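S.K.: Chain by chain, the residues run as shown.
2 protein chains.
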Amino acid sequence: MQNFTYNNKTKIIFGKGTENQVGSETALYAKRILLHHSGGFAVRSGLIDKVKESLKNAGVEWVELTGVLPNPRLSLVRKGIEITRKEKLELILAVGGGSAIDSAKAIAFGSVHDCDVWEFFERRRSPEKSLPVGSIVTIPAAGSESSLSCVITNENGPWKRGVNSPFNRPVFAIMNPELTYSLPPYQSACGITDMMAHIMERYFTKEPNVELTDEFCEGALRTIIRNARKIFSGGENNYDARAEIMWAGTIAHNGFLDTGRIGDWASHAMDHELSALFDIAHGAGLAIMFPAWIKYNIKDGTPRFARFAAKVWGVDGAFYDLEQAALEGVMRMENFFRSIGMPVRFNEAGIDPSRIQEMAKRVVYFGSIGQYRKLTEKDAEAIYRLAAE
Amino acid sequence: MQNFTYNNKTKIIFGKGTENQVGSETALYAKRILLHHSGGFAVRSGLIDKVKESLKNAGVEWVELTGVLPNPRLSLVRKGIEITRKEKLELILAVGGGSAIDSAKAIAFGSVHDCDVWEFFERRRSPEKSLPVGSIVTIPAAGSESSLSCVITNENGPWKRGVNSPFNRPVFAIMNPELTYSLPPYQSACGITDMMAHIMERYFTKEPNVELTDEFCEGALRTIIRNARKIFSGGENNYDARAEIMWAGTIAHNGFLDTGRIGDWASHAMDHELSALFDIAHGAGLAIMFPAWIKYNIKDGTPRFARFAAKVWGVDGAFYDLEQAALEGVMRMENFFRSIGMPVRFNEAGIDPSRIQEMAKRVVYFGSIGQYRKLTEKDAEAIYRLAAE
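Chains A and B are the protein sequences, given in the same order.
Each residue of the first sequence is one higher than the one before, counting from 47 in this note's numbering.
Each residue of the second sequence is one higher than the one before, counting from 47 in this note's numbering.
It should be emphasised that the hints constitute simulated quantities derived from the structure, not laboratory data.
Hints are all accurate, no fakes.
Repeated chains share a single entry, so a pair holds when one copy, or any two copies, can fit it.
With a cut-off of at most 20 Å between alpha-carbon atoms, the simulated SDA-like pairs for lysine to any residue come out as follows:
| id | residue 1 | residue 2 |
| --- | --- | --- |
| 1 | Lys57 | Pro212 |
| 2 | Lys55 | Gly301 |
| 3 | Lys62 | Ile308 |
| 4 | Lys357 | Arg268 |
| 5 | Lys62 | Glu253 |
| 6 | Lys57 | Phe213 |
| 7 | Lys57 | Ile308 |
| 8 | Lys341 | Lys424 |
| 9 | Lys96 | Ala76 |
| 10 | Lys62 | Thr51 |
| 11 | Lys252 | Asn284 |
| 12 | Lys357 | Ile271 |
These figures come from a predicted structure and were not determined experimentally.
Let the sequences and hints guide you as you build the complete structure.
M.R.: See below:
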């Protein structure tokens with residue numbers, strides 16, 4: 047087990063009606079804020095009105111910036127920074143999913159440094175401070191509400207890049223599972239896949255003896271799978287199933303499930319190229335890339351993949367042919383993803399395989415990817431080809 | 047699933063050599079501190095010298111207060127408060143296990159309120175602030191290093207009472223599993239039992255649909271049991287086994303494993319009377335009380351106890367006689383406790399059963415105990431009798 051530091055200060059306020067606490071919670075940090083969201087469903091559903099009412103009652107003033115898109119854009123982040131500086135805003139409040147929260151994070155640290163914000167994503171600088179960020183989560187998926195990640199897409203490229211920093215942890219996250227009842231099934235499925243991928247990126251490690259973390263990863267994956275099946279078989283408004291999924295999505299990415307070891311993250315990197323070039327949803331890209339990544343690596347540390355198959359997918363056969371058991375696990379994972387409407391091959395998502403070489407080149411922009419095995423451009427190309435098969 | 051707020055700010059610094067970071071970490075909060083410990087093994091092992099060296103290098107001055115005992119005493123807390131006020135100390139640094147940390151917490155909040163500190167334990171007041179507390183953990187057990195609990199024994203009674211408050215969460219916890227190699231087996235076993243009890247108090251709930259939390263509880267218990275067996279079969283210096291146990295002990299009591307539901311805590315309350323009257327170790331008292339508590343309640347929500355038997359103790363038979371399966375689980379738990387040297391009956395710990403009625407009367411001092419089932423004085427008496435059988 048490796049040394050680690052764990053320090054996650056995000057206050058989680060979880061349950062029915064909690065969105066009404068946003069005003070009093072925000073007022074602990076700020077009198078003037080940026081209210082940041084897509085301008086879409088959160089407005090139509092009446093949530094934004096509720097938020098404004100709560101802010102008003104707590105004496106908090108806001109400037110509104112809407113227009114957040116999936117794969118949130120650098121141009122909007124720059125606009126947010128300009129407004130935040132000009133209006134001397136003190137906190138960025140995101141209402142939405144990972145896109146709104148990531149956009150808010152970039153605005154929050156971008157507005158208190160004097161360089162262009164993209165420099166951080168180009169790894170030329172690291173954030174040294176940030177404005178506080180708060181959120182009301184409406185899409186359980188990215189875990190951004192308490193994570194240190196922030197991923198932004200620069201349309202001028204396009205490039206999808208991330209900044210990990212302890213300054214990125216929001217000060218609070220308000221999470222009401224009822225707000226997720228009305229998610230379109232595709233968006234629920236993308237979110238479920240994203241949180242599963244966050245756990246699997248941490249699970250696939252060659253660090254031995256991190257048993258507690260393994261148990262938690264496996265338990266979280268089983269819980270997500272069980273409750274996803276409930277939601278996708280008529281349980282859209284099943285509070286408890288939505289609550290399990292929502293809380294699991296936070297834990298999947300709050301740093302708790304990689305204590306004592308280093309995650310892999312190659313599948314995420316490979317999806318970033320899919321998302322950047324084809325603008326497909328992050329979750330859908332992960333459903334395609336993760337099975338391919340496992341298949342490519344399956345001969346390297348087979349017992350790990352067999353354990354995954356046994357503990358998460360209920361595959362028997364641990365004492366027979368381990369590789370066969372491991373492959374059975376991947377197949378069950380693919381079946382599960384398909385059952386909730388996710389693509390697991392390029393053609394199912396309309397991705398053009400002719401750009402595989404370009405993606406493989408782009409993905410190693412900063413050097414090799416992954417920790418389980420360091421992957422070169424050639425490896426990445428082979429994995430993309432498996433995903434295109 | 048019930049609404050919850052989760053907010054744990056303790057910074058965990060975990061791994062080999064981390065005790066050398068104590069100076070720099072302390073200096074983030076204070077220039078003058080109270081260094082609080084037993085004066086025993088931590089001195090003889092050279093740890094206290096290392097701590098002083100690190101503090102000195104970071105420019106931190108200290109006043110030392112030694113003499114912490116298991117079931118930490120009110121008299122020493124009062125002395126610590128007096129010193130802290132007089133010397134204008136800014137942080138309390140505990141080196142030791144739950145006793146040192148709990149003593150430090152009581153000093154920390156006691157010294158910034160103007161009443162006598164026992165008033166908080168009598169539930170006449172709640173802490174409204176506290177000095178920061180830091181710790182170097184040498185006994186994984188109580189989880190006090192990041193918990194909101196603080197339990198102190200008033201010798202003038204004797205009474206053992208707790209104060210739970212968000213102000214009790216330490217600012218940092220330094221945890222090096224190597225420091226636990228030299229623990230006497232009895233102390234290791236008490237610690238293991240204590241952390242298992244912390245998880246079980248949270249696990250036994252009638253709140254349905256808290257699956258993720260259930261999975262984490264079960265996984266943590268399995269991990270503790272597996273690694274305890276390693277330590278008790280020649281693995282005293284097995285770093286990874288010690289690390290699993292140590293990290294599990296923190297998680298067991300950091301609030302994470304009761305999100306979405308309310309824990310029971312009747313077994314803890316009943317042990318407090320054993321500890322107060324017979325001054326036996328907290329872990330040993332729990333090994334006696336928990337099996338008795340399960341047996342007394344086994345007909346009320348049998349599937350829950352059967353699940354516990356199946357998931358934690360590997361008992362088959364979930365589809366046959368559930369009560370039989372549940373009882374088999376209790377028996378395996380008792381066998382496990384005995385295998386690590388814990389008592390599971392009064393006579394194995396030299397406890398005089400003639401004081402059962404007195405203990406049952408004392409334990410309901412503030413009213414009924416427990417959440418799984420509200421227990422009266424009569425229930426408590428029956429459970430003590432089961433433990434005496």
